[in-house]
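Each chain is listed here by its residues.
There are 2 protein chains.
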Amino acid sequence: MTRDRSALDDLLAAAGDDAYCIEAGSADSNQLYLSGFDAPDPFFTAYTGDELAVLVSGLEYGRARKESHADTVARLSSYDYATRAADEGRATALAGVYADFLADLGVESTLVPERFPVGVADGLRDHGVAVDVDRDGVVETLRATKTDEEADAVRRATAANEAAMAAAEDLIADAGVAADGTLLLADDAGEATLTSERVKEAIEVTLLRHGCALDETIVACGADAADPHDRGSGPLAAGEPIIVDIFPREKASKYHSDMTRTFSKGAPSDTVAEWFDLTHEALDAALDAVEPGATGADVHAAACEVYEDAGHPTLRADPDTETGFIHSTGHGVGLDVHEQPGLNPRGGELEAGQVITVEPGLYDPEVGGVRIEDIVIVTEDGYENLTGDYPVELVVE
Amino acid sequence: MTRDRSALDDLLAAAGDDAYCIEAGSADSNQLYLSGFDAPDPFFTAYTGDELAVLVSGLEYGRARKESHADTVARLSSYDYATRAADEGRATALAGVYADFLADLGVESTLVPERFPVGVADGLRDHGVAVDVDRDGVVETLRATKTDEEADAVRRATAANEAAMAAAEDLIADAGVAADGTLLLADDAGEATLTSERVKEAIEVTLLRHGCALDETIVACGADAADPHDRGSGPLAAGEPIIVDIFPREKASKYHSDMTRTFSKGAPSDTVAEWFDLTHEALDAALDAVEPGATGADVHAAACEVYEDAGHPTLRADPDTETGFIHSTGHGVGLDVHEQPGLNPRGGELEAGQVITVEPGLYDPEVGGVRIEDIVIVTEDGYENLTGDYPVELVVE
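Which chain is which? The protein sequence lines are L and A, in order.
Quick note on numbering: the first sequence equals residues 67 to 463 in our numbering.
Quick note on numbering: the second sequence equals residues 67 to 463 in our numbering.
Each hint should be verified, as a subset may be incorrect.
As the list claims (entries may be wrong) - Stretch by stretch, here's where chain A covers chain L in the computed footprint (C-beta under 8 Å, at least three residues):
1) 111 to 121
2) 127 to 140
3) 149 to 156
4) 185 to 194
Source of the hints: derived by calculation from the structure; they are not laboratory data.
Think of the CB as a built atom: it goes at the ideal place given N, C-alpha and C, for glycine as much as any other residue.
Make the full structure from the sequences, and use the hints.
So this is what it looks like as structure tokens:
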């Protein structure tokens with residue numbers, strides 16, 4: 067994919083550093099984005115403004131030359147790594163090799179991301195390379211605004227996500243209800259219990275068949291749903307809110323999507339119904355605030371106001387609250403499922419091309435949880451809701 | 067799971083530091099292991115020898131108290147994080163909050179892992195906390211030796227892995243062969259091509275149904291197989307080596323397994339058949355070398371000798387070679403699919419309770435690739451081969 071590195075060039079010029087360096091495997095999305103190279107073990111990337119250079123093991127050398135964005139690909143053996151590692155140990159040898167690699171690139175000072183490993187940073191400093199920390203997260207900022215190609219990858223992951231959500235909704239809608247309220251798998255002769263695990267399996271198999279991988283999926287019912295990060299487990303129950311939050315990654319592109327619906331098999335309590343309507347209202351209010359120039363803080367405030375006006379606690383009104391609206395309103399989505407920009411009290415100005423989720427919710431262990439999450443692309447005149455066609459309906463049966 | 071932290075206590079005493087600290091999300095396996103807390107976003111863990119303390123966001127506070135190993139759970143809001151972040155920015159505020167948290171624990175100096183973020187390390191140093199890098203990877207060393215409970219998790223992931231391998235093998239064995247040698251999906255009325263992607267889907271659906279997640283799977287045929295990290299794509303062909311390398315993670319425990327077989331639908335070339343027999347011989351030679359007190363270097367040497375005696379290049383004979391035996395002989399498996407100990411020229415003494423793969427292979431773009439990988443537990447008197455019952459047979463039909 068095309069990379070616009072002009073913000074990085076500007077930052078290097080302003081900071082007076084010779085390069086921006088990353089040492090990580092491609093599970094670090096800054097590394098994957100800057101190098102364009104997908105490899106599991108840590109490797110070294112240096113961007114000098116003129117040149118993008120990567121230093122990899124012999125095992126990755128051939129593939130790095132074919133697949134990475136680098137202008138120059140070097141390998142550890144060119145810096146006598148094996149002998150040095152045998153003499154000095156792995157970590158010391160690597161720092162020396164990286165220092166020599168930077169010397170060959172004419173780099174005497176470098177910016178690095180906050181999460182650059184301190185072992186490597188201190189090792190480079192010991193070799194006389196100045197290492198400054200980029201406190202502004204320039205690569206995260208670059209990543210936040212998507213090219214059309216990146217946005218298309220998110221669209222494909224979203225289509226897979228909607229198919230998986232429909233599979234989950236169908237299982238819940240078609241379920242039977244036992245005398246004690248437990249949901250029963252519709253097509254099972256033996257009346258097996260419908261569990262969170264069974265719904266997740268349906269979701270995840272659907273995602274795989276649509277070319278997506280996944281880390282975790284949330285199908286949380288009742289008290290589980292009151293904790294926004296609880297993945298859920300065990301039997302599902304009628305009349306209880308069931309939060310289904312799915313965040314797959316398209317395997318080919320590595321880009322994510324993210325959406326949430328809350329379902330109740332049959333009528334829930336009045337409180338849950340009221341929470342759902344209020345959360346739908348908060349979603350609409352937050353979406354209405356999305357446009358270029360508005361800040362993430364503005365969007366977050368719009369959701370908080372709906373909840374606060376109805377008398378619910380929010381984190382901004384009470385930083386210690388454990389019930390009510392206890393998370394931010396949303397986040398960027400891309401190579402990471404949580405990335406820039408944030409829709410929170412510190413969220414900066416939104417820009418066209420950013421992909422964000424909007425996901426208000428209410429939580430209380432006495433009641434359960436309700437969350438609704440759409441994923442949208444910020445456009446020149448507002449936003450395009452990628453999950454806007456998926457119904458927002460609590461009761462399914 | 068029970069954690070034996072005595073090696074960590076010894077290290078702290080020897081280094082004269084007050085604590086061992088990690089700042090990362092649970093995708094960092096050292097964090098997951100030390101804190102026992104599974105949360106996506108970075109949080110702070112401090113182990114003082116007397117006390118394990120974690121500092122988390124309000125969103126994770128309730129779950130951390132229930133699920134983590136920590137004696138003490140604190141939250142960011144107790145250190146006025148929101149106000150400080152609004153005033154100073156996120157990174158500076160976090161460093162200040164972490165410094166105050168450490169002051170409350172009586173910590174003036176800390177050891178950190180090599181991959182601790184330099185932004186946090188430099189921030190703590192600015193607040194007068196001494197930060198020393200643990201160059202020996204003490205948490206990785208602790209993780210290398212498994213408890214019975216950890217070993218059982220690997221056994222369950224291995225059982226899932228064998229089921230997935232059988233699904234892949236069946237698809238290849240049952241495939242038809244088109245006139246041009248392309249494999250055809252056996253049960254498909256329209257004679258669809260059997261692709262790498264289709265075999266991966268069968269593998270991954272099987273893994274999901276056995277409670278495992280997965281990041282990637284390798285099904286690589288022909289020239290793809292000549293690159294050990296190529297995941298493979300496109301049509302599979304008869305008479306070509308197809309490397310199937312599967313490395314799932316059990317969802318509940320987060321522990322991995324890892325195994326590889328190489329299959330050929332029908333007879334391959336004499337060269338491939340000879341490579342396979344030689345690789346089987348290298349596997350047996352390496353396995354024979356596995357016992358407590360032997361080093362990872364010894365095991366690696368045993369595999370290298372088989373290949374070198376037969377005239378094949380190895381990395382130890384030629385660090386620049388791009389064909390032959392171009393990776394290490396194996397690695398530890400646990401919370402990470404690649405962890406300590408390494409079976410490579412620098413590999414130290416093996417200990418009972420370690421879980422390792424043994425995976426010799428040969429690669430050449432002109433021929434393809436062959437790899438056979440078993441996963442074993444080092445025992446008091448040798449090893450237990452967890453995948454030893456899965457046949458090692460090249461030709462399937």
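Exercise. Against which earlier hints does the structure fall short, listed by number upward?
Worked result: Of the numbered hints, just 1 does not hold.
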